[in-house]
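Trainee: In case you want the letters, here they are:
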Amino acid sequence: MSAEAVHAESFIRRYLFSTDHKTIGKQYLLTAFFMGLFAVGWSILIRIQLAWPHANLPLLSRLFPGLYQDGVLLPERYLSLVTMHGTVMVFFVISFALVSGFGNFIIPLHIGARDMAYPVLNMLSYWTAVPACILMIASFFVPDGAAAAGWTAYPPLSALPQAVPGSGWGQTLWLLGMALFIASFTMGSLNFVTTILNLRTKGMSMFRMPLTVWTLFISSVLGILAFPALTAAAIMLLLDRHGGTSFFLPSGLVVGGQVLEHSGGTPLLFQHLFWFLGHPEVYILVLPAIGIAFDVVAVFGRRPVFGYRTSIWALLVIGVLSMIVWGHHMFTSGMNPYLGEYFSVATVAITVPFAVLGMNLIASLWRAEIRLHPAMLFALAMIAAIGLGGLGGLWLGTASSDMYLHDSYFVVGHFHFMIGVVTAFGIFAGTYYWFPKMFGRMIDQRLGKIHFWATSVGVFFAFIAMHFLGLGGVLRRTYDPTAYEYTASVTWLNLPISIALFLAAAAQVVFLVNFFWSMFRGQKAEANPWEAATLEWTTPSPAPHLNWRELPSVFRGPYEYRTDGRAAGYRSQVVPDEPPAEVRA
Amino acid sequence: MTVGSMALERFPMPPRPAEARPPYAMGLVAIIASVTMLFVAFTAALLIRRTAPDWVPIDLPGILWWNTGVILASSLTMEFSRRAIRRGATALAERWTAGAFGLGVVFLGGQTAAWLVLVEKGVFLPSSPYASFFYLLSAVHGCHLIGGLVALGWCWRKLRAGAYGAFGHRGLGHAAIYWHFVGGLWLYVFFMLGAL
Ligand code: HEM
Ligand SMILES: [Cu+2]
Chain F
1 MSAEAVHAES FIRRYLFSTD HKTIGKQYLL TAFFMGLFAV GWSILIRIQL
51 AWPHANLPLL SRLFPGLYQD GVLLPERYLS LVTMHGTVMV FFVISFALVS
101 GFGNFIIPLH IGARDMAYPV LNMLSYWTAV PACILMIASF FVPDGAAAAG
151 WTAYPPLSAL PQAVPGSGWG QTLWLLGMAL FIASFTMGSL NFVTTILNLR
201 TKGMSMFRMP LTVWTLFISS VLGILAFPAL TAAAIMLLLD RHGGTSFFLP
251 SGLVVGGQVL EHSGGTPLLF QHLFWFLGHP EVYILVLPAI GIAFDVVAVF
301 GRRPVFGYRT SIWALLVIGV LSMIVWGHHM FTSGMNPYLG EYFSVATVAI
351 TVPFAVLGMN LIASLWRAEI RLHPAMLFAL AMIAAIGLGG LGGLWLGTAS
401 SDMYLHDSYF VVGHFHFMIG VVTAFGIFAG TYYWFPKMFG RMIDQRLGKI
451 HFWATSVGVF FAFIAMHFLG LGGVLRRTYD PTAYEYTASV TWLNLPISIA
501 LFLAAAAQVV FLVNFFWSMF RGQKAEANPW EAATLEWTTP SPAPHLNWRE
551 LPSVFRGPYE YRTDGRAAGY RSQVVPDEPP AEVRA
Chain Z
1001 MTVGSMALER FPMPPRPAEA RPPYAMGLVA IIASVTMLFV AFTAALLIRR
1051 TAPDWVPIDL PGILWWNTGV ILASSLTMEF SRRAIRRGAT ALAERWTAGA
1101 FGLGVVFLGG QTAAWLVLVE KGVFLPSSPY ASFFYLLSAV HGCHLIGGLV
1151 ALGWCWRKLR AGAYGAFGHR GLGHAAIYWH FVGGLWLYVF FMLGAL
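Note that the protein sequences, when read in sequence, are chains F and Z.
Using this note's numbering, you'd call the opening residue of the first sequence number 1 and step up by one each time.
Using this note's numbering, you'd call the opening residue of the second sequence number 1001 and step up by one each time.
Because the hints were derived from the structure by calculation, they are not lab data.
There's no promise every hint is true.
Claimed, not checked - Derived list of chain Z stretches under chain F, where covered just means 3 residues or more per stretch with a C-beta under 8 Å from a C-beta of chain F:
{"no.": "1", "region": "1026-1034"}
{"no.": "2", "region": "1044-1056"}
{"no.": "3", "region": "1129-1140"}
Unchecked claim - Residues from chain F that keep clear of chain Z, each with C-beta distances beyond 12 Å, as calculated:
{"no.": "4", "residue": "Ser18"}
{"no.": "5", "residue": "Thr31"}
{"no.": "6", "residue": "Gly41"}
{"no.": "7", "residue": "Pro131"}
{"no.": "8", "residue": "Phe207"}
{"no.": "9", "residue": "Phe247"}
{"no.": "10", "residue": "Phe306"}
{"no.": "11", "residue": "Ile312"}
{"no.": "12", "residue": "Phe502"}
{"no.": "13", "residue": "Val510"}
Claimed, not checked - A partial selection of chain Z residues facing chain F, derived with a Cβ cut-off under 8 Å:
{"no.": "14", "residue": "Met1037"}
{"no.": "15", "residue": "Leu1038"}
{"no.": "16", "residue": "Ala1041"}
{"no.": "17", "residue": "Leu1125"}
{"no.": "18", "residue": "Pro1126"}
Where a beta carbon is used, it is the ideal one built from N, C-alpha and C, also for glycine.
Construct the entire structure; sequences and hints are all you get.
Mentor: As structure tokens, then:
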């Protein structure tokens, strides 16, 4: 197909059922923002409850009659909110935006391909994701309320329809939504891996790929290998719920005074299967964010990335190790202490390659000519968040200290740094960086900086403070923070944490306004507004259908900034070392 | 296929433009990897679950041995088809593929019959953990086999349309590999259920 054929495409083919990787990437990104509205909204309700646990809230009661009764949030709905917030954030916001969104948009542009290896499969992947979203949200609109067993969906809570209100239809919809999500994500991963391995343009060797592509590659491989474990667990859980089997249900369970017929199953089996996916999943999300940070730091620091190859090796080591450390989520499950010791050692070992990545990011700043564009600000703050999250991880990865910290707000603080702040900042850095290429217009920098500072102040304060709540013994997923007297000395922190998070949430309004305003009214963008060296900046903004008139050839690595003393200060990947033969002849 | 292009196969290829590179093999590898991991997870579940005191194997219906024979024959048939198309014997390849497809359908019928035998004996999905695993694994395997049947059907259509020849039958090659994989997967499931 030629580039001219574009114009023949109908509106529906072009914007709705498009097979163009850029359109699909944008569809995913916008879907993620849409789902983010729900997930952030739920978290605000959670924070209101924690900040003012005994307040009477008639307005909220009127707005959400299913959640509140007589101005009070129902305890079982609190569990639904926590569950749905976690699930939707992890799978339907972060995964969608960071992996499916940026992955689809940037992989072909970064490696010099016209599209993904299987464009139709790609479209199918998106249109499987949409019903997955609908099923998830529908979970809130069934009589008993949304799933309430946590994003981890541990049985027996999730396996017994009669356990809590939310474990009725809400949980079933949750499982079906997850099943569709997994199908969609697997199609995407398959596409990413194949595209990266097979569709690189001439001269684009694996070791000339930008780190964003490398991280997406490793994430995709992890997705292909780890998600099937959750598929297996979800199928067995559905059978336990609706088929009368006892895969995860032990004997002698009593619900509502009645002994259940199930016998012999083991809930721990589910935990193993879940975390065999769950741990790699968090890396699936965090790695692309780190990859984007590398790209952004190089461009806005005007320096080559420090330790490009060691970063890749570190990524590979992280990928392998991430598959064999899942047990660190289960130290308190009564596992054999020797096994726990193994999981401890392996977990702490992961911090080594992580430190390599962090240090390489920092070292890339050495003598950099930093341009404080919002993308760069988010990338820099992300480095701090990686450090803080990793430090918390050391405490949690050590079995003996985790015995105390497990299921406390320390864990909540830790994972919000990693899976919340690092990934969200990756999304923001990527959005500010690639916006011109996506929409052909510049995004407003001043609003971007307001967005950055308000978000950062809010989340850094809140999630650091959560660590102290955890040290003070506050347990996660607790409806009433004043329920335990022994935590009274720290629970006052809940109010300032909530206020900080409201600030961060308000900043997202600024972001969305900026995003949509700039999409239509922003200043027109040139092909390469950042003087960046990678391939996507060699084609006009917005990138046309099929990306280039003629596919570019690559002659060098992705990060040649200021290395040759030329005025422009960088050499694009498509610049040959010497004039090509045609020119000399 | 010209002499020139045959010579290329023996010498390192110059880097070709991206558009010319067939990406399908890698996709097949990824699918097989992910299905393998799914059954690894089920295996782990089975190994853990069988340590509980209520794990009592049941007599599996004898027809499963026949089904195993049928799926092996189907794999062999598909391999004949692949050999045939390599020689350029399109008509023969078409017949072999049809045969493999038919045997696959027979296999699915046989599996359903095995279920009916169990149901007749009063063994249902929740009857015992062993029965649960049998129904679960045979059903999940069956679903993946149906995917293989779709691929074989596709190849059969392409063969009839004359779209495959001695040097252009990538789809058939890949369908055959997947078919051998799901056949082997049944051997594995059957062995695991029988041996444990
Ligand atoms: C630096 C290396 C890291 C170490 C040593 C580490 C260690 C741990 C440990 C031991 C736990 C379990 C705590 C408990 O439940 O008692 C945990 C929880 C968690 N970690 Fe990490 N972690 C690291 C990095 C990350 C990264 C990079 C992410 C995500 C991007 C992440 C996301 C999570 C999440 C989501 C949980 C909580 C899951 C839950 O229980 O709901 N961690 N981490
Ligand atoms: Cu983990």
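Trainee: Would the stated hint for Ala1041 (chain Z) survive a check requiring a Cβ distance to chain F of less than 8 Å?
Mentor: holds (4 Å)
Trainee: Can we trust that Pro131 (chain F) is non-interface, i.e. its beta-carbon lies farther than 12 Å from all of chain Z?
Mentor: Holds, since 19 Å exceeds 12 Å.
Trainee: Please settle this one: Val510 (chain F) was flagged as non-interface, so is its CB more than 12 Å from every CB on chain Z?
Mentor: holds (40 Å)
Trainee: The region 1044-1056 of chain Z covered by chain F? Criterion: 3 or more residues, Cβ-Cβ distance below 8 Å.
Mentor: holds (count 8)
Trainee: Taking the shortest Cβ-to-Cβ distance between Ser18 (chain F) and chain Z, state whether it exceeds 12 Å.
Mentor: Consistent with the label, Ser18 (chain F) stays out of reach of chain Z, its closest Cβ about 20 Å off (over 12 Å).
Trainee: Does Phe306 (chain F) clear chain Z by more than 12 Å, comparing its Cβ with all Cβ atoms of that chain?
Mentor: Nearest chain Z Cβ is 29 Å from Phe306 (chain F), so the label holds.
Trainee: Hint validation: Met1037 (chain Z) versus chain F, beta carbon distance must be below 8 Å. Holds or violated?
Mentor: holds (4 Å)
Trainee: Take the region 1026-1034 of chain Z, compare each residue's beta carbon with every beta carbon of chain F, and decide whether three or more fall closer than 8 Å.
Mentor: holds (count 6)
Trainee: Verify this label for me: Phe502 (chain F) is non-interface relative to chain Z, using a Cβ-Cβ cutoff of 12 Å.
Mentor: holds (41 Å)
Trainee: Can we confirm that no CB of chain Z comes within 12 Å of the CB of Thr31 (chain F)?
Mentor: Holds, since 24 Å exceeds 12 Å.
Trainee: Let's test the interface hint: is any C-beta of chain F closer than 8 Å to that of Pro1126 (chain Z)?
Mentor: Status holds, d = 3 Å.
Trainee: Examine each Cβ of chain Z, and state whether all of them lie more than 12 Å from the Cβ of Gly41 (chain F).
Mentor: Holds, since 34 Å exceeds 12 Å.
The structure shown violates just one earlier hint, number 9.
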